[in-house]
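Asker: In case you want the letters, here they are:
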Amino acid sequence: MHKFYRGKLEVMAKVPVRGMKDFSIWYTPGVAEPSRAIGKDPDLSFEYTYRWNLVAVVSDGTRVLGLGNIGPEGALPVMEGKGLLFKFLGGVDAIALVHRAKSVESFLTLLEWVEPSFGGINLEDIESPKCFTILEEAQKRLKIPIWHDDQQGTAGATLAALINALKITGRNMKSSRIVLFGAGASNIPLYRILRKLGVPAENMVMLDSKGTLHPDREDIDKLFLTHPWKYRIAVETRGGGLKPGAGLGEALKGADVLIAASTPGPGIVKKEWVAQMNKDAVVFAIANPVPEIWPWEAKEAGARIVATGRSDLPNQVNNSLVFPAMFRGLLDVGAKAVVDETIISAAMELAKYAEEKGLREDYIIPTMEEWEVFAREAAAVAVKTMELGLARRNTTFKEEQERALTIISQTREKWRKLWEAGLIQRPPGEA
Amino acid sequence: MYEVNYIVRRAVEEDAKELAKLILRFYMFNEEFDKAMEVSSEAEEVSLRIAEERIRGNNLLMVAAIDSKVVGYVYGAVLENPLLVRKEIGVLKELYVAPGFRGMGIARALVENASRELMKMGVKYIAAEFPSMNLVAEKFYEKLGFRRFVSIYLREV
Numbered sequence: 001m002h003k004f005y006r007g008k009l010e011v012m013a014k015v016p017v018r019g020m021k022d023f024s025i026w027y028t029p030g031v032a033e034p035s036r037a038i039g040k041d042p043d044l045s046f047e048y049t050y051r052w053n054l055v056a057v058v059s060d061g062t063r064v065l066g067l068g069n070i071g072p073e074g075a076l077p078v079m080e081g082k083g084l085l086f087k088f089l090g091g092v093d094a095i096a097l098v099h100r101a102k103s104v105e106s107f108l109t110l111l112e113w114v115e116p117s118f119g120g121i122n123l124e125d126i127e128s129p130k131c132f133t134i135l136e137e138a139q140k141r142l143k144i145p146i147w148h149d150d151q152q153g154t155a156g157a158t159l160a161a162l163i164n165a166l167k168i169t170g171r172n173m174k175s176s177r178i179v180l181f182g183a184g185a186s187n188i189p190l191y192r193i194l195r196k197l198g199v200p201a202e203n204m205v206m207l208d209s210k211g212t213l214h215p216d217r218e219d220i221d222k223l224f225l226t227h228p229w230k231y232r233i234a235v236e237t238r239g240g241g242l243k244p245g246a247g248l249g250e251a252l253k254g255a256d257v258l259i260a261a262s263t264p265g266p267g268i269v270k271k272e273w274v275a276q277m278n279k280d281a282v283v284f285a286i287a288n289p290v291p292e293i294w295p296w297e298a299k300e301a302g303a304r305i306v307a308t309g310r311s312d313l314p315n316q317v318n319n320s321l322v323f324p325a326m327f328r329g330l331l332d333v334g335a336k337a338v339v340d341e342t343i344i345s346a347a348m349e350l351a352k353y354a355e356e357k358g359l360r361e362d363y364i365i366p367t368m369e370e371w372e373v374f375a376r377e378a379a380a381v382a383v384k385t386m387e388l389g390l391a392r393r394n395t396t397f398k399e400e401q402e403r404a405l406t407i408i409s410q411t412r413e414k415w416r417k418l419w420e421a422g423l424i425q426r427p428p429g430e431a
Numbered sequence: 001m002y003e004v005n006y007i008v009r010r011a012v013e014e015d016a017k018e019l020a021k022l023i024l025r026f027y028m029f030n031e032e033f034d035k036a037m038e039v040s041s042e043a044e045e046v047s048l049r050i051a052e053e054r055i056r057g058n059n060l061l062m063v064a065a066i067d068s069k070v071v072g073y074v075y076g077a078v079l080e081n082p083l084l085v086r087k088e089i090g091v092l093k094e095l096y097v098a099p100g101f102r103g104m105g106i107a108r109a110l111v112e113n114a115s116r117e118l119m120k121m122g123v124k125y126i127a128a129e130f131p132s133m134n135l136v137a138e139k140f141y142e143k144l145g146f147r148r149f150v151s152i153y154l155r156e157v
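Residue numbers (the working numbering), protein chains in the order written: chain A, 1 to 431; chain B, 1 to 157.
This is chain B alone, in the form it adopts within the complex (with noise of 0.2 Å):
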């Protein structure tokens, strides 16, 4: 493979572009999976509204760039429960990394770093969402030390 360099930081207003990419490519990724996650015919414009959005926003949003082209990226938030002693978990909602920069360890480093800037925002959980069908991320995810946790199941109505 070819040896690159790259940085795991938080997202900026100039990744917007390259970021709506990825977001959009990690929908399309996604649907592979299970047609209820069908992308829309406007996803490509909607992806660079919600990039820009997302950057402004208070969730965590981290890219991992190789000099300047963002090729990989996290999004996680943090959920709240009052009734549960540990009130607060943090969720990993969505990962992606492009194609040719993939088996170099990056997605690992956006997880092993959002992680980290989760647990100063008070989690001691982190949990991670994927579709059922992901095996691929269901084998990544429990490499990682992540367990089943909470399923979730759908019907057509």
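For reference, chain A alone in the conformation it holds in the complex (with noise of 0.2 Å):
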């Protein structure tokens, strides 16, 4: 199939081509009067080309999927893959932009450089705690959007399943005892929009894969040293009152919550744990593909609310039900940046669209297929920019959703007139 399509983007007109003296519309010497402007004042290239709706896929190809150091040219198929659904789900143009650049360093002066092209920057697949030092420090430097799936996606679709995962079980989010297992992309982001929140640290216990993250652990001074996130959760939780080293198991006593977010399992979180979390548990494991454990051993063991990260499963703590709608909302404001509030914004919209449809153990999150939601969420994640004054663009909650709702639903319209006319080939084999 890649073979057959030679990829899966291309790049089409979007203006009225009568004739070729168009063209002295759009090329020279039409185009010069805009370039003057912008000339003068950058800003309005977000007015007066593409840039406002483009999003660079970002990637050095060092740890692509599960596929391991495959270089830049391997990733391309991924990133191109990415900005498929970046049209599709929320119609912003991505294209990949794979490179070369491996010190962190030159990654980031790479970025600085091709910061006048796009509206915002997707990074895509880098470890961690690198990402945490990219992202923090793209974000310091740039005046565009950065965005970290891994991190910030990640973060906020899991936040959205526990608001509605905790309004189920009658817990208030603040007094709920938290355990973070795994200490990665997206936990860690977690823990610092949870504290946004109002949860007190000392709620909440983050473990790696060396046991609780505990001011007295032996190796404390390596991760200050190495991994300032790591160390400052240690710090500010106090290890979450256990002792230092303490494993999953004993972390899962008299919990509420457990957010796994660690190794592919099952087997990793242990039933019999579970079973000693307090009455109607809420248990995410979101590793892919095998949950840390399965959802019918969390349930057997007590959890009342399950959540992973398949789609074969109920409650999916998808990505995808985040990146293409913010987005939409950070694009069609010319947002300068997002923050941890933006994504809260976006996962309290979620939350509350499938609480208007109904929340049920089985359903705290929107699927794939409600993509209706994305509208909303855009909506509220332009109002929020606006409101920390990040954008630059106004507009209002219905007048952005609307956009949002027209932009993704031309988008779709034009591929099924063209798929319809013929124009997207038929796949090999296919009538």
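Simulated from the structure, these hints should not be mistaken for lab results. The structure displayed is predicted, hence computed values, not measured ones. Please note that the accuracy of each hint is not assured.
To be verified - Computed cross-link-like contacts, DSBU-like style, restricted to lysine-lysine with a CA-CA straight-line distance of at most 35 Å:
| id | chain 1 | residue 1 | chain 2 | residue 2 |
| --- | --- | --- | --- | --- |
| 1 | A | K196 | A | K174 |
| 2 | B | K139 | B | K87 |
| 3 | A | K143 | B | K124 |
| 4 | B | K69 | A | K222 |
| 5 | A | K140 | B | K139 |
| 6 | A | K271 | A | K352 |
| 7 | A | K130 | B | K93 |
| 8 | A | K243 | B | K17 |
| 9 | A | K8 | A | K167 |
| 10 | A | K253 | B | K17 |
Take each chain as given, in its own frame, and dock them per the hints.
Answerer: Put into structure tokens, the structure is as follows:
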């Protein structure tokens, strides 16, 4: 299939070309005027060019999916695929930008150099903890939103599901005992976001492969130097009141919520540990392709609500519920940045949508089929971005919801028309 | 962060056990910067002996304590060189604050208190030692008004 189609995206014109004469509008001499204007005010590039809707999907190819270091060219099919999701789900133009900048500093320099071309940057597949440094530093240096899906996307989708899981089980987030198993790209920003939502640090505990992050752990000073994010969490949570080196079994005793984003299961989270959690426990096991514990096992052990990362199981915590609509909203207001508060607003809108549809133990987060939620999510993001003073353009919730819905449905409509007209080739062997 | 009150005082006999833990931590911390500072396998036992010796000794040993818990220490000495106008110089050889208690100004308080004590012992200059690769320490001491002074180079033979 991949060879047959030779890629998944192409560039299409969206302006009238009634005859060759029209090129004098779109190219020289007509193009001189917007260029001059942009020269004086670079932000006008968001008004006069496609920049406002263009995202770079950036990867160095060192850690692509589960495939390891396959080089920038090897990463290209994946980045192009991400572009397809961006387009189809969010109406966002996204191109792959694979590169050979290996060091953190050269990676950041690359981003700074190409910033004028794009309305946003989507970082893909960077290893932890390098991903934290690059994201934080790029966010400081660039005036467009920088996104790393493994961090913000997963944290956002998880938060949406968590909000509703707590609602069903009648819990208050601030007084829940939350165990974060896995100290990687998604749980670290999730911890930060939960703190921002008012969850006291001492109500949480985070574990990595060596056990509880604790200020008295043997390797704590190593973390101080090499992984300040883990270090800070160890100190802030004080190891959640556990002993240094305590394992997950210990941590789950009397816990309300487990969010496991660690290594593929099954059997990583043991049934007997879940059984020690509080009544009506919430268990998220979001490792892919196999969750840390199978949902039925967790349920047998007494968990009331279980979510995973899989589309063939209920309650899928899926990044694709977040990033296309997130960028739709960000781009539509010419966002200068995306921050935790933006992610919270997207998660809350997702949660609200599911709640309006009717929460059930096996429905705490919208499914990918319910794509009308994307327009609402985009609107929530756009409005929050404005409130935070991070927008280049203004809008209202209603206006953005309509715009997002139009852009996304028109994208699908164009596609359908091209498909029906036979302009998108039928796959080989298919009538 | 948590609000806590700490005091800085001279180390006493009762501090030995907790101090030993911090000394060991300090050495394990330095090990991270340079394999020439690899900690020996007996360090755990040795650290208790060292702590006791230092408490009894004449060099400067001060601890930061919260209630009765020792959470940080500084160890310093006076070096003499009769050839110099300033014959004596104070040297802070070790400084460590437990991870749960950083970011509250304890290290700074330890350095300032130690400096005062060393001044009483007649020195005009205070030096601080740390591994070259420890950029955190470099920034910390520069903020307190220290400057680059002596370099130590190392080679394997």
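Asker: Output the numbers, in ascending order, of every earlier hint that fails for this structure.
Answerer: Failing hints, ascending: 3, 9.
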